[in-house]
Amino acid sequence: MTDRITLDITRRGFLGTALGGAAALAAGPSWAAAKTLNILSHKVHETVLGTGDGDLMKEWKARNDTDLVFTTFDSNPLQDRLFREASLPSTDYGVGYIIDNRPTADIAKLFALLDDFLKSAPIENYDDIAPGLREAMTVGGKTIGIPVRHATGGLFYNEALLEEAGISAPPTTLEELIEQAKKLTFTAKDGTPVTGMIMASDLAVFPVSFARAFGGDYITKDFKLLPKPEAMEKALGVMANMFKDGALPRSYATTKNDDQVTWMQQGRAAFTMITFARYKQFNDPANSKFPGKIKAVQFPKSKSYDGEMSAVTESWGMSIPANFADKELAWSYIREVSSPRVTLGMAKNGNGPVRVSTYADAEFAAASPVAAAEAKALATARGAFPPFPEAARAQQLFLEDVQLAVLGRKTPAEAVENMVKRITPLLPA
Amino acid sequence: MRSRNIAQTLPLIAPVHILILSVIVIPSLFVIWLSITKSTYGQAPTFVGLENYFQVLSDPAFRSALWNTVVIVVFAVHIELAVGLLMALLFASGLPFRRFLLVAVLAPYAVSEVIAVVMWRYLFDPDAGPVTLALKGLGLPILDWAYEPSHAMILIGLLTIWLHLPFTFIILYAARLAIPADLYEAARIDGATPLQAFRRVTLPLLGPAIVVALLFRYIFAFRIFSEVWLLTGGGPARSTEVVAVYLYQEAFSYNAFGTAAATAWIMVVASLLLAAGYVLLLRRQVTANAQ
Amino acid sequence: MRNSRLITGAGKAVAVAALLVWSLLPIAFIVMSSLKPGRDIFAVPTVYVFTPTFQHYASLWTRWGQFFDGLLNSTVITAGATALAVVASTCAGYVYSRNSGRFHDASVMFLIVVRLIPPIVVTLPLFPIVNAIGLNDTHVVLMVLYATFFVSLGTVLMRTFIDQIPRELDEAAEIDGAGRFTILRRVIVPLAAPGIIAVAVFVVVFAWNEFLFAFIFTATNAKTAPLVISEMLGSMDGVDWGILFAASTVQLAPVLLFVVLMNRYLVAGLTAGATKG
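If you're matching them up, the sequences are chains A, B and C in order.
According to the working numbering, the first sequence is numbered sequentially starting from -11.
According to the working numbering, the second sequence is numbered sequentially starting from 1219.
According to the working numbering, the third sequence is numbered sequentially starting from 32.
No lab work stands behind these hints, which were simulated from the structure alone.
The reader is advised that the hints may include incorrect statements.
[What the hints assert, rightly or not] Label-pair distances were calculated between CB atoms; the ranges are:
no. : chain 1 : residue 1 : chain 2 : residue 2 : range
1   : A       : K212      : C       : L56       : 50 to 56 Å
2   : A       : D210      : B       : R1281     : 32 to 38 Å
3   : A       : L106      : C       : A163      : 31 to 37 Å
4   : C       : L264      : B       : T1264     : 34 to 40 Å
Heads up, the beta-carbon is just placed ideally off N, CA and C, and yes, glycines get one too.
Let the sequences and hints guide you as you build the complete structure.
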């Protein structure tokens, strides 16, 4: 089996050399170890494993006489490449990182089922991994991925700007948040025009969070669309009012994730919602005008709703393409990365830890001021929507109506009605 | 005679045609087949006839994307041609620091689209971008592109012109350089004014290059993608979506390969119709060239 | 007379100034941003006065080593693709300029109509094929792809340029006993130099910045610089804008240098062929 892999690499290397004439330029695979495990991931997944002396996989590499070669892409291209590779007759990639809203029944067919591995060579203290995350990696009761990272959303606020506007504490209800956001739409004393809140308009996270704050949702785990339509109407109404009052930027309809970060760092916005993991970036003195001043709490729910509110989370799992030959080696890697030791090590390198026990680690908690809020949010967190074949298309239709409602080109009621009309046919039967 | 001629020229045109056949034509035949099936990752293609074509053509989002594309193509390409032609004449008329100026005006072409968009988004930020502030300072109207769909279209058009004007310019400039100086000399001796020289000498001789520049800009502009995808994401509320964005979403976001393939073929036909006039002009030139 | 020349001069100066601002303003901002301290890059109002820092370039070097591997790969691929496209286009352009008849006319039109097919769709069937013949993640596959998508334009352009070279020149060479290849090399290529350069510039810029094919057909060995830049823009752990603009500036420089070098030939063409004011 390993022969085949080596052969493949030789063939690649050979063609690259002979035809491309660039062997010296291409960083070829290392020949130090007997075996190579190719991994398809985001660069973050590689970075959090550490390098040199801090390499969390050093011991595993020596024990298995195997080198790890990461091929990295940004999230969406990565998913595309992974599915493309897994659709071939055979692939060189042993491990692929997959996002939790992707594994539909069709996609699951491309990956090895891991339940047998979990029995024959179990992961240490597997139950310690947050149940919601484990469930997100199962399709039809079968495990196709092992959780490795989560990103759960929290409400970030700029303490300095709050103080300047005479607000002493961050909001505890959605109504307070809106009130404060309005108050914080002003010109700061250094002359910067401040907008109350900034949110990306190309992600379902925001309307979903506002709807959940009123006890509603977008699509539930059992594929119910808008379980409480009036909650979504209220959510859209609230957002539309914020836009009308200038508490959302004029550029709302073209705002992206990255804009949220730069606006917060520059003090152009007082509130935003984003994953807790961004704490470090917001407070980085090299890039932020408010180092140490940008803090996070759980996203608040409306005072009119007294049920439980789930934060929005997105998680990653490690999976093995079904067309990869040496699945034992791939599983060995996954086991090691999922161990409590490596999970903690990755968390210290900035990875959202999937194990509940990691949050109990004193050193980790001390290093990450938002750890407590994050752990609390994670306990009940859920994806913005469950995976299904037309999920991406449904999200696009959903966001179109959300934007029209927020910009005031449609009433919230019209938007909700249109959502039901257009998204219902896309739901799984 | 004719067949001997073809046999002699074949080795010289073979490389071009082998590349095109193997990389574009043969895979495209597979795409035709893909367009009459339904498939996604983990799901083998099943035959559905022309359903994909009907589905795409009846989608209001596709039709608005097609309209947006046509508007951008027609405006951007012709403005580029007019400005590019003036620039070529300006450069040919003799300028100091010509080398430096040439590099300067070609520079935008070398900027990758991703980076260009990042910068333009900042420059034109509707609240605080330097260009917005400058326009306000001069008392001029600003581009409220994140809110007004028509303003968003204007900004997309400006950006695409910024990126591709050098393309049109360099074709026209290179063609202008190839016009022998003695033709202008002769025109001057005949007492022609500069305008007459332009109409009688420059324009006819630049004609073929103009048609080529226009035709290929039509082809490239019809696929406009990054400028829209990265600048507005097709927003506000999908009002600036173009056909290539629609196709990209079908293929890469929704993994619906059947409708993506159908969209591609509809795109081929639509761009052929839109550029038909220029294709015919080029054909006339190709045959006229025979004499 | 003198007055009108003054007006023309002033008009030219205004036009040149407008062109410079239009072309260079965004680029100046990119370069400036790469030299600003991180927190000033997107500051509002814009910071124009700052102490330049090379910190971002240093970070680029230490944290994104693969960007420089990517630049090497891009260089190899761009050079190969350009050579292939220019040679193939010049040969074919010469044939189409000097020959006609139904076969040749039809095949020129075919080259153009084929280009109406959006490149994005051929990636779907090509990916399994490229894998099957073992060319995935090699430099060759991108050279061939990039060249292919520019030979149509290249051929048509070269035909247009070669059309302007008087046929008497090749006929004279033919009488001297030169074959097609010799005529092409000795007569056509030198005279069509500005056109060849124009084609080369297009291929270089396209191959240097191309993203989609590079994304689909490379992994580690042949990964190009634009792919690494797009990773820097990835939204998972946040963008370090300073590094991104530093990388963009580095990536922009070689293409500009190429244009500067080629410029000489364009200007040579000018003095050989065109007006003097």
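Exercise for review: State, for the Cβ atoms of L106/A and A163/C, whether the hinted interval 31 to 37 Å holds or is violated.
Suggested key: holds (34 Å)
Point to revise | Assessment of proposed distance window 34 to 40 Å (beta carbons of L264/C, T1264/B) | key: 37 Å Cβ-Cβ, so the 34 to 40 Å window holds.
Exercise for review: Can you let me know if the beta-carbon spacing of D210/A and R1281/B is within 32 to 38 Å?
Suggested key: Hint holds: Cβ distance 35 Å, inside 32 to 38 Å.
Check your understanding: Has the hinted range 50 to 56 Å been met by the Cβ atoms of K212/A and L56/C?
Key -> holds (52 Å)
Consistency note: the structure conflicts with none of the earlier hints.
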